[in-house]
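Q: Sequence:
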Amino acid sequence: MGIAYMVVILLLIVGFGLVIYVMNLKIKELKQESTTQLLKQDITNLNNSVQQINDGLKSHLTSRLDRSQDQITKQYEASNKIIRDVTQKLEKLENTNRNVGEIATELKTLQNVLQNPKQRGVLGEYYLAQILENVLPSGAFELQYKIAEGLVVDAVIKMDNKLLPIDSKFPLENYNRMIEADASKQESLSRAFKEDVKKRIDETSKYIKPTKHTLDQALMFIPSEAIYYDLLANKIGAGGVSSRNMMQYALEKKVTIVGPSTLSAMLQTIGQGLRNIEIHKDTEKIRQNIEQLQKHLMAYNAYYVKLGNSLGATVSHYNNASKELGKI
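Heads up: the sequence shown at position 104 corresponds to 103 in numbering that gives the first Met the number 0, and the numbers run straight through without jumps.
SDA-like, lysine to any residue: derived pairs with alpha carbons at most 20 Å apart:
1. Lys157 to Ile207
2. Lys253 to Pro209
3. Lys197 to Glu172
4. Lys197 to Asp215
5. Lys205 to Val151
6. Lys205 to Glu148
7. Lys157 to His212
8. Lys208 to Tyr248
9. Lys252 to Gln216
10. Lys211 to Gly149
11. Lys205 to Glu251
12. Lys88 to Ala77
13. Lys253 to Tyr227
14. Lys198 to Tyr248
15. Lys211 to Asp159
The following label-pair restraints were derived from C-beta to C-beta distances:
16. Ser263 to Glu172: 24 to 32 Å
17. Asn94 to Gln185: 39 to 47 Å
18. Lys91 to Ala182: 42 to 50 Å
19. Val151 to Glu172: 21 to 29 Å
20. Ile276 to Ala191: 40 to 48 Å
21. Glu172 to Leu231: 18 to 26 Å
22. Lys80 to Glu132: 45 to 53 Å
Keep in mind the hints are simulated off the structure, nothing from the lab. Beta carbons: idealized from backbone N, C-alpha and C, even for Gly.
Please put together the full structure from these sequences, using the hints given.
A: Structure below.
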């Protein structure tokens, strides 16, 4: 009994130990499964968090990239606009430089022309011709008009049956020297320039030939407002003799000195006078035509009266003849 009891107790103890062992194993398995489940859950949560972070970063980066792209596009457009503007300005600057170069070349050419007396004379004649063509009708003037043998004037204005000679004079050399010189040389150069002008006045006065149907007057055209103004403003003179004396000298020679603007104004007046002359001529022609028409009408009236008288006599003769025929 005692041994059996001891065996039973031993078996119970062993069984209980086995149960406890198995339970421990089960508990461990359960713990492992729970840990695995929790780990899986943590991994899932971590994946979700990572995905959210990734999505957030992606959205943020996309937004930043879009903004950056917009900024880059705007910057690119602004840069292109600046480049275009700079290019256009450079082209304009290049054209301006080219034009300045061309103008400088033209000025150099003009300077060379003005330094040559013959070419300077051609330039003055061209200027005179341009003014005449712009103001007067084509038939009112003639260029390079031969007044007499060996005497050709730059232009004449045709005023009815008379001619007004105009000659272009460009006394430039001593004038330029005078205005560029210092005070110590002004007097001598002014005297030299005045002598140049006097010679030109004398040359112009030679074209006054009333026997060749010119007016008792000629115009001396100076194609430079500066020179003409200095003459007119009493700035040229030497030895107490002023430009006013030169203007008076020109008047004594029956020469009127004119500049570009003065000549244009004078030609306007002359042009109006020529138009008035033409109107007067037309009026005279109309008056003559009316008188001629009146004569024709009077002659027609006389013929008409004669015709009436003839018709009256014919009718009277016809009536008398009819009466005589009736008596028969």
